[in-house]
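Number of protein chains: 2
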Amino acid sequence: MISNIETDRWIMMGLIGFAVGLLGFLLHQLIERISALKWSTTKEFLDDGKVAVGWMFCSAYSMAFAVFAAAVVVLWRPSAGGSGLPEVTGFLNGTQVKKIFSIKTLVAKFVSCTAAIGCGMPIGPEGPMIHMGAIMGAGLSQGTSDVFKFKLPFFERFRNPEDRRNFISAGVAAGVSAAFGAPVGGLLFCMEEVSSFWSNTLSWQIFFCCIIATSTSDLFNSSFQEFRQIGTFGGFQTSRYILFNVYDAVDINILMFIPSAILGVLGGLLGSAFTILNLKMTRFRKRRLASISSPGLVKVIRFVEPALVMLVMSSFSVFLPMAFKCIPYTCLPSDASTVSDFCVNDTTNKYDSQLREEEETFHTCEEGTHYMNGTTLFSNGTYNELALLLFSSKDEAMKNLYLRNSHRMFNYGPLFVGLIIYFFMVIWAAGTSVAAGILVPMLVIGALYGRILGLMIVDIFGVHLDQSYWSWMDPGAFALIGSASFFSGVARLAPAITSIMMELTNDLKVLLPVMTAVVVAKWVGDYLTHPFFHALLELKCIPFLNQQPNVRINKKNVQLELFTASDIMAFPVVTVNLIEHVPTLAQKLLDYTHNGFPVLKELPNGNCIFHGLITRSELLVMLENKDVLKPGPVEPLDDSNLDIAPIGYDAMLRGPVEREQMQEKFLQQFVDSNSHFRNHYVDLTAYLNMSAMSVPCKFSLHRAYTLISALGLRHLTVVDESNQVKGIITRKDLMGFHMVETLGNIMETRPYFK
Amino acid sequence: MISNIETDRWIMMGLIGFAVGLLGFLLHQLIERISALKWSTTKEFLDDGKVAVGWMFCSAYSMAFAVFAAAVVVLWRPSAGGSGLPEVTGFLNGTQVKKIFSIKTLVAKFVSCTAAIGCGMPIGPEGPMIHMGAIMGAGLSQGTSDVFKFKLPFFERFRNPEDRRNFISAGVAAGVSAAFGAPVGGLLFCMEEVSSFWSNTLSWQIFFCCIIATSTSDLFNSSFQEFRQIGTFGGFQTSRYILFNVYDAVDINILMFIPSAILGVLGGLLGSAFTILNLKMTRFRKRRLASISSPGLVKVIRFVEPALVMLVMSSFSVFLPMAFKCIPYTCLPSDASTVSDFCVNDTTNKYDSQLREEEETFHTCEEGTHYMNGTTLFSNGTYNELALLLFSSKDEAMKNLYLRNSHRMFNYGPLFVGLIIYFFMVIWAAGTSVAAGILVPMLVIGALYGRILGLMIVDIFGVHLDQSYWSWMDPGAFALIGSASFFSGVARLAPAITSIMMELTNDLKVLLPVMTAVVVAKWVGDYLTHPFFHALLELKCIPFLNQQPNVRINKKNVQLELFTASDIMAFPVVTVNLIEHVPTLAQKLLDYTHNGFPVLKELPNGNCIFHGLITRSELLVMLENKDVLKPGPVEPLDDSNLDIAPIGYDAMLRGPVEREQMQEKFLQQFVDSNSHFRNHYVDLTAYLNMSAMSVPCKFSLHRAYTLISALGLRHLTVVDESNQVKGIITRKDLMGFHMVETLGNIMETRPYFK
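If you read the sequences in order, they're chains A and B. The numbering used here runs 976 ahead of the 1-based position in the first sequence. The numbering used here runs 976 ahead of the 1-based position in the second sequence.
The hints are simulated quantities; they were obtained by calculation from the structure and are not laboratory data. One thing to keep in mind: the hints can contain errors.
Distance windows between CB atoms, simulated [claimed, not checked]: (1) 1723/B / 1524/A: 38 to 44 Å; (2) 1275/A / 1136/B: 42 to 48 Å; (3) 1630/A / 1526/B: 51 to 57 Å; (4) 1120/B / 1119/A: 54 to 60 Å; (5) 1532/A / 1690/B: 44 to 50 Å; (6) 1546/B / 1538/A: 32 to 38 Å; (7) 1013/A / 1528/B: 30 to 36 Å; (8) 1528/B / 1636/A: 39 to 45 Å; (9) 1630/A / 1528/B: 49 to 55 Å.
Take a look, some chain A residues computed to stay more than 12 Å from chain B by CB distance [as the list claims (entries may be wrong)]: (10) 983; (11) 1199; (12) 1269; (13) 1277; (14) 1439; (15) 1468; (16) 1482; (17) 1491; (18) 1559; (19) 1588; (20) 1628; (21) 1651; (22) 1655; (23) 1718.
A quick note: this is a predicted structure, and the numbers were derived from the prediction, not measured. Glycine is no exception: its CB is placed at the ideal position from the N, C-alpha and C atoms.
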């Protein structure tokens, strides 16, 4: 054995994967169930000619679920709203966000997300799956719950911040894996977007976690549909474990890169527009809600909004398709010159016509006299294009959009109408109070404009089928590339998006055009605005530290190498002494809310030098343990013999017993002039962190930034030549706006920059 | 514009991608040409019944190329030998390896690799492609060449170590992308295995570089075969851009994870055996060659060895298949119970029978009377299984092994013979002096035992074809999973191997079993031995610093948190003063070969504190610039006004003018007692690195390790409480064997550990 084999860690990773996979399965099946009931019932009404009743049912059903989804969040668990992705990203970057890893949040998220997506809101389950995965990772690995007040006696060694963070990362990756059936995509998504700290060891463990998560959800989803068993348990069915499986993929061509680049440009433009509009919408909503004085009214509005979204969506779904004619199927036999209409039982394009027969006759197209083989459907061989896009779940719409050899399945009118509706409805819906992600809706939007471009190419150059030099001109392939481009224009992820797209569609042949669209969309998008999720972080005031500093003043990148640590540091610093006077310490804790305090040690020459760092929580624990407070004068402990410290590591890690609201009162007892502790001292030697980093004043700001972000430091003490504390740099000092302001001022005064 | 758009950097990335892609294309075509000539000519002899002549031609042809491939390396450019992967990995980790990025090495590598693989040595082109890609990255981005003595006036801003390293990483990724047609795999391989430093920005740029590299090589390879045009330029042909394309992929089943895990175990066991044997072989060769006194004889032996490999391989290829009967084709119609023999023109299994007709009649199987449609081949409907594996290029063998619905195409005998031959011949060949990688041979070995397991399953449970619950029992699918397992057992990479396998085969359906095999192979392998490439690094004495420390004493992981920086630091330290006496400085440079020196500054209180770090190269440049040497006493420069430094940044970066051999003489002039400079001083203020890190003696060793590896530091100075230098930690102090020794000694003396 050449390295440490941590069986328990792998088991925990497997457990997290299994739990998240199961969760993904439940979510998927419930959504399918709710969705199927809505569409099939509405369709029955329409088939009977009862359009008004159908619309009423459709709207009422959807609105009920939407209100329920919002109510769970608004009334019970506000932390379950939105996608949760920014909060988890912020947490993994080193920011504490409250209540996001509680079981209650998990339940609320699950219920809200299921109801909202099931009823057909234009949102996706992936953001919530990520958040739920993170909660699973945190909950299972820590084995404790504040809600249920228990603590399991297993896996105790994982109860430390680093392991917790790693298991949360695994949960995030498993969430994406289970939602998309994309294990590699999940791993890469977590690495690229969510995690700030990564190692090869962690990569392997998360890899394993993703295998288990995807296997679990794929296996169960292959065996059940709407909780009813389909097929024999154990077999993975293509249509169930590859979400938008592409049949008959086409070979690519060098010319295909031109439309792919155009799609990339569109993705960048529309993605930026999407980001900007969504943020404007969110800010507008926030402002308006803040201006309302009654908290009850605010809550009502936050219920009503999703219901309103669903009223609009339902009306669109029911009525808009009626504005479009039912058009006949057009099959494309191998001889492209003769496009035959009304080919209901044509076998040249088997998958295509079958799928349409079974799924698309529903809307208002007349029932016909043709009898379809194998089923009991009657059809007049026509279908409604817009109903394919709006009058069904998004997954169905996606499959149709990606369909190959179906060049004229959708015409411009329905595609444009669908694009406009989805684009704006997603912007609106994604900011409402329900638990919602935007990944699948992004794919729909991209697929719509991708197919429009594909159709234009077909209109110019004609229909070319299998195996010809021009067969790459397939609108279904461009729909796929369009999805990737919009995804990239909004989220700006490279290998993650590529992997997810491949794993979603099983079409590796279009890999290079997809990658081209992704990179072009990133270029265009970067020119226009920030990535969506980073903009959300800013909007939510989460102090996220990028890997690399990016400070722009007067439209120019600022070279942080030209500045020093002392230019940005905060000072004066609140410090504590190695042997600290108890009332003074309590007063400091009362006066300042800082989380970390540099500890000073007095040298024989009288200099007080930087000796380490101690956190607020550690100081509070010490004050709570009265036996470490001793009447002075106190001799410093010999620090070569620290195992005798009276407070154990566990107790330190657990933090203070007093709740936050009570701390002020608790501290006050030490400060009172008649306090029992007025002459007591506390020796910090055994508890301070002597491996806290410090840098000299002249240290380059760029390197200081790298140090803090690469090592995930919360405090970096700045010292002078003889090691005396001059200042301190924290995460907040390195936020973009703060750096721009401080460095801008310096640039104006220092002659070098003129 | 919200961030800096570095157009020139993207252009350079594109250029590197294009150049590497083109190189990949040339390599591929040349290898195809050399290989085709060998097999077709030998086959003609065999067809005419001239077995002895055929064998002689085959051997002579192969041996000539093998000797040539070795000669280029041995006589001209030793740095071009082997795969080059450890050297590049070591360089990107921060170790300087000489001559590896020269144009001569590129040419030698290309020629040697082409000749060796073309003639059929059991090696692969991927390692050399990685090295050549790295050279391209270094050469193009720096625009300078020592060989041709030129320096281009473009892209001057990339001439710094960080950018150079990034472009080299891009070249590496492009090399894998072009060799495998795997852009995402290339990116991930570079990230996981080769690069030690990575950022999201770099990831995007390399992503782009990989798109260009893959597109270029795929496009040209689709349009040319052996440099003759095939098809219309511009179209990507599946069989040419997806190396081992899988047709008719099968749906997976939960039961499939059992054999996949077994393959994982086999991969771990055989992969470790492979690693250990290969290293033993290499060490044995080294020892034997070192014991030979005549350098001429050593060179001859290093020529002859590859020729010997080829003699054995050729004899195997020609004679061994004769020991096996030619067996009739067995087609598998959809009704599995009736397996029909002699189905030459059977269309039930179109791809399968066509491929065999065209490619497999060659060996000694008799010409028949059946006439095949579409070609002019006559066939008696039989083929030789072992000839399929040995008497053709490895790529052909791979395609046959991965073939689906070809359950009984290979029987146990030929598979076992092939496995044994490849396993040992690859171990032998991979250590010879030619430029060679082992990635494709690894895939062959894995595919062979994968197919054996698949065949066993078929023998136990019978043949099951398309769409049935048991159709997952396809030996071709298990061959693919076997390849992944062996690759993982040897190299231990997670997402990289998975992506490469998917991009090589276009079979996403087996993704989960592949991942399972990969992770199980890693577990088993980790229990037995180090990853192959890391073992090679150690063998080549490249001081590679892992991301995470892994020190094992008495079979237990050592907690580095329990040690301090002062436990491992080297002392006393050779330091220089901020105002240094010139002869003293020269003497220090003569006496010590250190690369970096802490600079001391005297405080008013007499303490000499740590002020920064200066490199040997910088000190030499200063001594070469006589105008910075001034007769004493010298006042220190005001360090708020450093722009007036007489030596520019460029000159410092370029390093000393004197060649290494001359430096001693150069330094001697300062030391001579009658030197003109005996009273001169030099002020280092303007040139030292004030952002050099220092840590206190009590700083945790674990954090010190993380600091050095995460930031890529070469020196970490250890200081005491009043900032005086106590020691220094360099990369070498953190190497495994050194840590084990030092910490082992400490553990014996310190009571805590008893």
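Over 12 Å to the closest beta carbon of chain B is the bar; see if residue 1651/A clears it.
-> holds, 33 Å
Mind verifying the non-interface call on residue 1439/A? Its CB should be farther than 12 Å from each CB in chain B.
-> Non-interface label stands for residue 1439/A: nearest chain B Cβ at 17 Å, farther than 12 Å.
Non-interface claim for residue 983/A versus chain B (Cβ beyond 12 Å) = violated, 10 Å
Was residue 1468/A rightly flagged as not at the interface, with every chain B Cβ beyond 12 Å?
-> It is violated; residue 1468/A is separated from chain B by about 8 Å at its closest Cβ, not greater than 12 Å.
Distance rule for residue 1269/A, whose beta carbon must clear each one in chain B by more than 12 Å | Nearest chain B Cβ is 37 Å from residue 1269/A, so the label holds.
Once the closest CB in chain B is found, is it more than 12 Å from residue 1199/A?
-> violated, 9 Å
Verdict on residue 1482/A as a residue remote from chain B, using beta-carbon distances over 12 Å = violated, 5 Å
Is it the case that residue 1588/A keeps its Cβ farther than 12 Å from each residue Cβ in chain B?
-> violated, 8 Å
Assertion that residue 1277/A lies outside the chain B interface [Cβ separation over 12 Å] | holds, 33 Å
Minimum Cβ distance from residue 1718/A to chain B greater than 12 Å, as the annotation requires = holds, 19 Å
Outcome of range test on Cβ distance (residue 1532/A, residue 1690/B; 44 to 50 Å) = Given a distance of about 32 Å, which is not inside 44 to 50 Å, the answer is violated.
Whether the CB-CB distance between residue 1630/A and residue 1528/B falls inside 49 to 55 Å | violated, 31 Å
Hint compliance for this structure: hints 2, 3, 5, 7, 9, 10, 11, 15, 16, 17, 19 are not met, and every other hint is.
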